[in-house]
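Chain by chain, the residues run as shown.
There are 2 protein chains.
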Amino acid sequence: MSRVYNFSAGPAVLPEEVLQEAAKEMLDYRGTGMSVMEMSHRSAAFETIIQDAEKDIRTLLNIPEDYEVLFLQGGASLQFAMIPMNLMKHKKADYILTGQWAKKAWKEAQKYGEAKAAASSEEQNFSCIPDLSELSASGDADYVYICENNTIYGTKFHTLPDTKGIPLVADVSSCFLSEPVDITKYGIMYGGVQKNIGPAGVTIVIIRKDLIREEVLPGTPTMMQYHVHAKAGSLYNTPPAYGIYICGKVFRWLLDQGGLPGIQKKNQKKAALLYEYLDDSRLFSGTAAKKDRSLMNVPFVTGDKDLDARFTAAAAEHGLVNLKGHRSVGGMRASLYNAMPYEGVEALVSFMEKFEKENR
Amino acid sequence: MSRVYNFSAGPAVLPEEVLQEAAKEMLDYRGTGMSVMEMSHRSAAFETIIQDAEKDIRTLLNIPEDYEVLFLQGGASLQFAMIPMNLMKHKKADYILTGQWAKKAWKEAQKYGEAKAAASSEEQNFSCIPDLSELSASGDADYVYICENNTIYGTKFHTLPDTKGIPLVADVSSCFLSEPVDITKYGIMYGGVQKNIGPAGVTIVIIRKDLIREEVLPGTPTMMQYHVHAKAGSLYNTPPAYGIYICGKVFRWLLDQGGLPGIQKKNQKKAALLYEYLDDSRLFSGTAAKKDRSLMNVPFVTGDKDLDARFTAAAAEHGLVNLKGHRSVGGMRASLYNAMPYEGVEALVSFMEKFEKENR
Numbered sequence: 001m002s003r004v005y006n007f008s009a010g011p012a013v014l015p016e017e018v019l020q021e022a023a024k025e026m027l028d029y030r031g032t033g034m035s036v037m038e039m040s041h042r043s044a045a046f047e048t049i050i051q052d053a054e055k056d057i058r059t060l061l062n063i064p065e066d067y068e069v070l071f072l073q074g075g076a077s078l079q080f081a082m083i084p085m086n087l088m089k090h091k092k093a094d095y096i097l098t099g100q101w102a103k104k105a106w107k108e109a110q111k112y113g114e115a116k117a118a119a120s121s122e123e124q125n126f127s128c129i130p131d132l133s134e135l136s137a138s139g140d141a142d143y144v145y146i147c148e149n150n151t152i153y154g155t156k157f158h159t160l161p162d163t164k165g166i167p168l169v170a171d172v173s174s175c176f177l178s179e180p181v182d183i184t185k186y187g188i189m190y191g192g193v194q195k196n197i198g199p200a201g202v203t204i205v206i207i208r209k210d211l212i213r214e215e216v217l218p219g220t221p222t223m224m225q226y227h228v229h230a231k232a233g234s235l236y237n238t239p240p241a242y243g244i245y246i247c248g249k250v251f252r253w254l255l256d257q258g259g260l261p262g263i264q265k266k267n268q269k270k271a272a273l274l275y276e277y278l279d280d281s282r283l284f285s286g287t288a289a290k291k292d293r294s295l296m297n298v299p300f301v302t303g304d305k306d307l308d309a310r311f312t313a314a315a316a317e318h319g320l321v322n323l324k325g326h327r328s329v330g331g332m333r334a335s336l337y338n339a340m341p342y343e344g345v346e347a348l349v350s351f352m353e354k355f356e357k358e359n360r
Numbered sequence: 001m002s003r004v005y006n007f008s009a010g011p012a013v014l015p016e017e018v019l020q021e022a023a024k025e026m027l028d029y030r031g032t033g034m035s036v037m038e039m040s041h042r043s044a045a046f047e048t049i050i051q052d053a054e055k056d057i058r059t060l061l062n063i064p065e066d067y068e069v070l071f072l073q074g075g076a077s078l079q080f081a082m083i084p085m086n087l088m089k090h091k092k093a094d095y096i097l098t099g100q101w102a103k104k105a106w107k108e109a110q111k112y113g114e115a116k117a118a119a120s121s122e123e124q125n126f127s128c129i130p131d132l133s134e135l136s137a138s139g140d141a142d143y144v145y146i147c148e149n150n151t152i153y154g155t156k157f158h159t160l161p162d163t164k165g166i167p168l169v170a171d172v173s174s175c176f177l178s179e180p181v182d183i184t185k186y187g188i189m190y191g192g193v194q195k196n197i198g199p200a201g202v203t204i205v206i207i208r209k210d211l212i213r214e215e216v217l218p219g220t221p222t223m224m225q226y227h228v229h230a231k232a233g234s235l236y237n238t239p240p241a242y243g244i245y246i247c248g249k250v251f252r253w254l255l256d257q258g259g260l261p262g263i264q265k266k267n268q269k270k271a272a273l274l275y276e277y278l279d280d281s282r283l284f285s286g287t288a289a290k291k292d293r294s295l296m297n298v299p300f301v302t303g304d305k306d307l308d309a310r311f312t313a314a315a316a317e318h319g320l321v322n323l324k325g326h327r328s329v330g331g332m333r334a335s336l337y338n339a340m341p342y343e344g345v346e347a348l349v350s351f352m353e354k355f356e357k358e359n360r
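These protein sequence lines are chains P and L, in that order.
Note that the UniProt record's numbering numbers the first sequence so that position 240 is 240, with each residue one more than the last.
Note that the UniProt record's numbering numbers the second sequence so that position 283 is 283, with each residue one more than the last.
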């Protein structure tokens with residue numbers, strides 16, 4: 001077995017210790033005589049798994065009692081509809097457009113009410129977060145929506161918008177649990193787990209309890225009503241149990257890393273190594289505005305498409321894989337999620353230095 | 001490691017060979033240097049996984065080209081809304097009520113149109129399939145809906161209703177791939193995979209192409225439109241990739257068992273062993289009407305609640321677990337899905353014989 005350094009934007013690298021434990025427990029989870037995949041979701045063993053997972057993510061994010069933690073399915077794409085269906089009581093919401101995912105969420109919301117583009121950096125090809133100092137949230141908006149970390153463009157909100165008391169809804173899929181946050185600033189923080197937490201197929205929604213309403217829009221499917229899942233403790237129907245089990249292992253791994261302050265330090269060190277090299281390089285340059293740079297996703301280019309392609313191919317041969325950038329930015333992208341070890345970034349930067357010498 | 005015989009109604013037992021392979025590939029899937037959990041769903045390796053899975057289920061069920069196979073999320077519960085939202089162009093459908101899951105589907109459909117209860121066995125506590133010889137499907141119904149195998153009550157449609165050309169929609173969650181079927185009799189055959197195929201979190205929808213319409217009901221979320229998933233080959237957003245990978249392994253395991261004719265023979269032999277014992281027993285008796293008995297789920301009682309509880313507890317001590325019946329039927333239930341070996345049913349019947357001798 002030889003593991004690569006996997007810079008995929010998602011699904012993405014997971015901690016090796018977690019995978020090792022999962023492999024060991026595959027045929028017999030702790031003396032139950034069965035795999036977690038084979039376990040009734042109503043069994044005592046699985047109840048412990050999901051309750052421990054909830055307890056541990058509450059510890060990591062310091063989530064107060066007036067927030068629910070829901071383990072759902074369907075990814076961010078299903079939340080794009082679920083959020084307006086549950087929250088749009090005045091049929092109005094403000095969206096800040098910082099990339100394709102924010103735009104998709106905004107377009108979906110237009111089915112259900114008046115979704116305003118309150119700010120956008122599309123003219124800059126989403127290479128920055130728009131200036132929000134002058135943001136005037138609609139006074140009667142049901143929520144203000146952001147995509148906090150933009151996987152494709154490598155940007156992140158380092159300051160949350162001042163929503164003047166209107167609930168902030170944030171898709172944090174690609175920065176989930178990467179650094180400490182003040183959860184009380186959010187009405188909903190949600191994300192697919194497949195970038196920083198676990199296997200695709202689990203969506204975690206952390207929602208302030210007063211936003212969980214029974215009066216949803218007419219025609220909202222039962223499975224898309226937050227109150228249904230909240231009342232049932234995420235067990236209204238069979239949950240994606242194996243995925244939740246892996247997420248739980250990752251939460252414990254994060255606690256072992258010193259929680260979110262601990263992983264933040266590691267993430268800052270990893271990102272600094274790559275960004276500092278990029279800033280000094282005469283061949284490679286980062287594409288995101290420096291002030292808005294993401295800790296997680298680092299897009300960069302040489303400025304020459306053929307050279308980019310040669311770089312990506314050569315890197316893959318050296319065990320540095322999935323470095324191809326998204327087609328809307330081009331070039332390369334290195335995703336440095338929690339589970340990417342420092343050694344992986346070191347190996348990448350060494351390889352870039354060597355490539356630069358040979359190709360400048 | 002010691003494995004139990006797991007009679008859970010779902011999530012449920014999986015083939016041991018499949019779990020062993022999955023454990024072996026956990027850290028390095030076939031030389032890719034990563035787990036399938038860590039793999040981009042756009043990667044060549046994952047594309048092969050999902051394409052092979054589709055090819056193999058097409059072979060198993062002999063699915064013709066005019067049907068799509070979709071790998072979705074949300075379980076049967078999300079389909080309860082998705083089906084009417086996509087199919088109810090005349091806002092009319094007929095539901096045959098054979099248990100709680102059929103009723104849930106029927107109630108959900110009432111949000112979207114006129115969902116008629118065309119037949120019901122509720123007065124018999126769903127212990128049988130209602131007589132459908134006189135079934136008059138509404139001439140203008142968009143579909144007729146059944147739950148083909150009723151997990152809680154242990155009944156199954158051994159003859160499909162004659163819908164007079166109206167599309168038949170069947171939830172087959174608990175009899176999926178348990179015996180050969182004529183797929184061309186169905187408009188939609190769908191099910192959660194967590195009973196007979198794989199880990200919870202994947203829903204397979206096999207749908208006749210002419211039923212895939214862009215003109216869905218207003219307000220239908222993008223993620224709930226069959227045409228969106230069909231066009232994208234089930235990759236509109238990140239799919240539950242690891243679950244699909246396990247399903248694929250189970251498909252290949254089924255092909256090794258002689259396909260659906262092969263597994264049917266094994267299932268018939270297992271069920272016959274238990275049913276014959278039940279019919280002869282002076283202590284235990286089956287609760288489902290004989291003519292409608294399921295091959296997969298076998299509910300039975302002693303007629304004495306305390307004795308039922310003692311039986312279930314004693315069986316568990318002997319490695320025969322999850323035999324407690326659903327609260328709406330009481331007593332016991334043995335689920336004999338594809339992956340339950342014949343030896344498991346033998347062990348169960350021996351234990352029942354011994355218990356009967358000691359407690360009659």
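It should be emphasised that the hints constitute simulated quantities derived from the structure, not laboratory data.
Quick caveat: nothing in here was measured; it's all calculated off a predicted structure.
There could be a bad hint or two in this list.
Pairs involving identical chains hold if they fit within one copy or between any two copies, as the list cannot separate such chains.
As the list claims (entries may be wrong) - Pairs of lysine-lysine residues, derived as DSSO-like cross-links and limited to a Cα-Cα distance of at most 27 angstroms, are as follows:
1) Lys104 - Lys231
2) Lys231 - Lys103
3) Lys103 - Lys89
4) Lys107 - Lys231
Q: First find the shortest C-alpha distance between Lys107 and Lys231 inside one copy, then the shortest across copies, and answer within, between, both or neither for a cut-off of 27 angstroms.
A: between (30 angstroms within a copy, 19 angstroms between copies)
Q: First find the shortest C-alpha distance between Lys231 and Lys103 inside one copy, then the shortest across copies, and answer within, between, both or neither for a cut-off of 27 angstroms.
A: For Lys231 and Lys103, only the inter-copy Cα distance (21 angstroms) is at most 27 angstroms; the intra-copy one is 31 angstroms.
Q: Have a look at Lys104 and Lys231 and pick one of within, between, both or neither, based on CA distance no larger than 27 angstroms.
A: Between copies only: 18 angstroms across, 29 angstroms inside.
**Q.** Up to 27 angstroms CA-CA - Lys89 versus Lys103, copy category
**A.** within (21 angstroms within a copy, 30 angstroms between copies)
Violated hints: none; the structure is consistent with every hint.
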